[in-house]
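Asker: So the chains spell out like this:
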Amino acid sequence: MNKETCECGHKNPYGTYLCESCGKPLKEDGRLANMRYEGVARRSQTYKRSVVDKVWNFFSSVKVGIWIIVLILVTSSIGTLFPQEMYIPPGEDPSLYYAQEYGILGQLYYDLGFHNLYSSWWYMLLIAALGISLVIASLDRFVPLYRALKKQRVTRHAAFMKKQRVYGEGLSSNADLESVKDKLKSKRYKVREENGNLLAEKGRFARWGPYVNHIGLIIFLIGGMLRFFPGMYLDDYVWIREGETEVISGTDGEYFVENNEFLVELYDDQNEDIFQEALMREDAPVVSNYQTNASLYKRAEGGSIGSETELEHVKDHEIRVNEPLTFEGISLYQVDYKINELSNFTFTLESETADEDQLEEVVFNVDLNDPQMYYDYDNGYQVEIIEYFPNFYVSDDGEPMTMNRVPDNPRIIFEVFPPDTDPETDTGEISMIGVQVNEALNEGHEHRISMQDVELVDVTGLTVRRDHTLPIIIVGGSIFMVGLIQGSYWHHRRIWIQQKDGRMLVAGHANKNWHALKNDIAFISEGTNLPEVHDQLDEEEKIEEDKSKMSEGGSR
Amino acid sequence: MFELSSTLLFVAFGLYMAATIFFAVSITGKKFKNRRGIEANKSGLFGYISAVGGFISALAYFVTRWLAVGYAPVSNMFEYTTALGIAMSLAFVIIYPIYKNNYLGLFTMPVVMLIIAYASMFPVEAQPLIPALQSNWLFIHVITTAIGQGILAIGFAAGVLYLVRMIDFTKASKKVKGIEFIMFTLLATVAYVMIGIGFGAADYTATFEYVNEFGETSEIDYPLPPIVGPNEGELVSEQGFNPVISMPEFIRSDDVNTVLWSVLGGLLLYGGLRFGFRKPVAGALQPLVRNVNPQTVDEISYRAIAIGFPVFTLGGLIFAMIWAQIAWTRFWGWDPKEVWALITFLFYAAYLHLRLSRGWQGEKSAWLCVIGFALIMFNLIFVNLIIAGLHSYA
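From first to last, the protein sequence lines stand for chains A and B.
Residue numbers 1 to 556, in the UniProt record's numbering, belong to the letters of the first sequence in order.
Residue numbers 1 to 394, in the UniProt record's numbering, belong to the letters of the second sequence in order.
Hint data in this document are derived by calculation from the structure and do not stem from the laboratory.
Just some of the chain A residues that point at chain B, by a computed CB distance under 7 Å: (1) Val-62; (2) Leu-73; (3) Ser-77; (4) Thr-80; (5) Tyr-267; (6) Phe-275; (7) Glu-277; (8) Asn-289; (9) Tyr-290; (10) Val-321; (11) Gly-477; (12) His-515.
Pairwise CB distance ranges, derived in the manner of DEER restraints: (13) A:Glu-265 x B:Ile-49: 45 to 53 Å; (14) B:Pro-123 x A:Asn-391: 39 to 47 Å; (15) B:Leu-260 x A:Pro-90: 34 to 42 Å; (16) A:Leu-263 x B:Glu-234: 43 to 51 Å; (17) B:Ile-322 x A:Gly-196: 50 to 58 Å.
Here are the simulated PhoX-like cross-link-like pairs (lysine-lysine), alpha carbons at most 20 Å apart as the crow flies: (18) B:Lys-364 x B:Lys-177; (19) A:Lys-542 x B:Lys-364; (20) A:Lys-512 x B:Lys-364.
We put the beta carbon where it would ideally sit given N, CA and C, even for glycine.
Sequences are here, hints too, so could you generate the full structure?
Answerer: Set out below in structure tokens:
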């Protein structure tokens, strides 16, 4: 590409709007100079040949970037129309649920895959496009902008001055440049001087804010992407009954957690306090606290995997919502619970014929989570559990089955052998026992099993989470925030004062916050006889407004 | 303490109203002052002092309520919406000294009042905190978000001011319809508040027995006279009358009824003003703001958004993510409120990028400020009350 040589002698890259050195406009471009990116030549506007150039040009465009943002914005909103699949009630079949709840629109929502919108390939593609746009658009601008701001000269071309939005000129003889300089310095401008010309500059680092925040965003997006790599992200779930200890997944069987106690606490609506009115209005009691009193254990050195006998106590923690138990990057969160799960039945035998003293001895406890299958007594009684169904149901074929190992609807089939029978040869009295169920399964019973006591236990549901992407996300988010603040709360302001042929030209430019720039110029002009400046954009607008008024008047 | 806090909010409301009046006088009252031979019109200053007083009083409400209930009062619709109004007045109190623009006061203070009045339509009694909200992040996240949105709302007020100043009301156009729709929405909110207060003071309730969406018989209370009734509803209270039409069971008929009342009230107010002025309502305001410098107002709205955007991002996304990681086990879960906070963020990000392009300053940018505020209100009202999610507490 040819270089463009300015009259000041500086060679500018092809595509430059304003000479990098003196600011002379090299292309005719409106009444006011386009000061975006200092009028530098950007790669995207210079090379247009190869495929790489075309891709680069596409993604470097702010317009394309905005379109990507708008597309993400619109598609994201569609995903909130109906709940995402992860928020529909557990156990529901999504292929039926959406049609059932939301009718034909719901079916369409499901068919289009909007129930998993945020993990769809095209949504991911949009996010990826945003990431690429961030990188390319930033590089395309940052490099030449950095060069231009680094190289900028104090002395500017008169045409550059006249094309600034804030501009004024007058006779130079009576201006007091020394006081102007002092005043600028008191406003913490950096002042450079060259042959009686001044360049005062302040807050240039604000110009880097957008690039810093884009870097932060890219790091953030990379962090989010890393989640999909194995081992980076652990999301598991564990139910623990009171008094039980469970291994924590993701720790290679090294850590265990014990549920000492689980509590649900309620607000008391009988308290004469400030909340009573609100509590009385609610239909259901309001929960004040969910809590698991947990103990964390670590397998002792040298212990074998899975052996729970050699556990070292690490710490106790009261896990509440908002107060997870955290160790070595893993957190256990209070997310669910089950109150009053059956845990233990105590039975005795009743009989009208047998000796009562003998029966008194026969008391058997059945731990519903780990039942002892055989009980025998000194007086000769023997009880055997033939079969145990923790969560009983009858299958379609009429077979008794259990749904899972959770004792929500336990059925136990007992065989009772009185002292005079021999379990090896005889058949005992067989019966099926459950909650409110006591059925004899064979004839000739002389004993009846009687449920004496039921023990209940609370179960806590904990989420086990480890997220190795968090540090990257935190770094990205912090850099983004720093960049955002840097670019938003500081402004790059420049004031040029040039003397030529006995005239003095004053021009100012701010990347935002022109108000403050004008105030600064008013401050330095006070008592220094600096030529008065005007906002040329105001004037432009007034001219236009007058024009439109005149044309209206004419049409009437 | 609790009663004191309510009183303080009332005082704040009065002071915001005083500020509105002072700002109005500062703009229209110049002639009167001149006739008496006094040149300086100090109403603008009085307006600002009233606004500062209102903010201090509102802050005192916030602190006393915090002390009384034992947590930062930003936990339900009343508390949050009030906090948003207060945050907007805070943003105004900060931005006014920079630009000393009385017109901005005239447009901001009524919006602040309207937000606080709207808030008071929700249950105002103290509610105990559910476990998920019991965290210091409640005030860190929510107060930062409220301040961010409050500053962004100044962008809205300045945007409306710009549009009222610049739109040509002499001929009918989409722009005129647009600004009139904004005026109507504001008036409908006013109507909603007035009707609510009126029937609330009269202790009005109409109770219906009806068949709900599960096919069960249930009861429903109407705070306003039932224009539309529930599915197969039967009036069981003394007050009330038979509704004109009944809603199907899957629609919350009491809400529809309230919306209908607000729209009708809004139409009445709007229609009254429209025919009273014999021109568009915003057009009637235009002569008031003839002396506004559009460049300045455009810059105010841009600056409000440039200042508010990082604060909103910090509170509404970053602090939100930190708290979500602690309370909900993950920093991001595509909950509707989260998504709409992201949408708000993306929208203002697009705005800030558009400001770089030519042709997007001034009027277009003012419209964007209005849309941005609409998104904020949508996320506050619609997402909380209609779309079910983790944030629907109130």
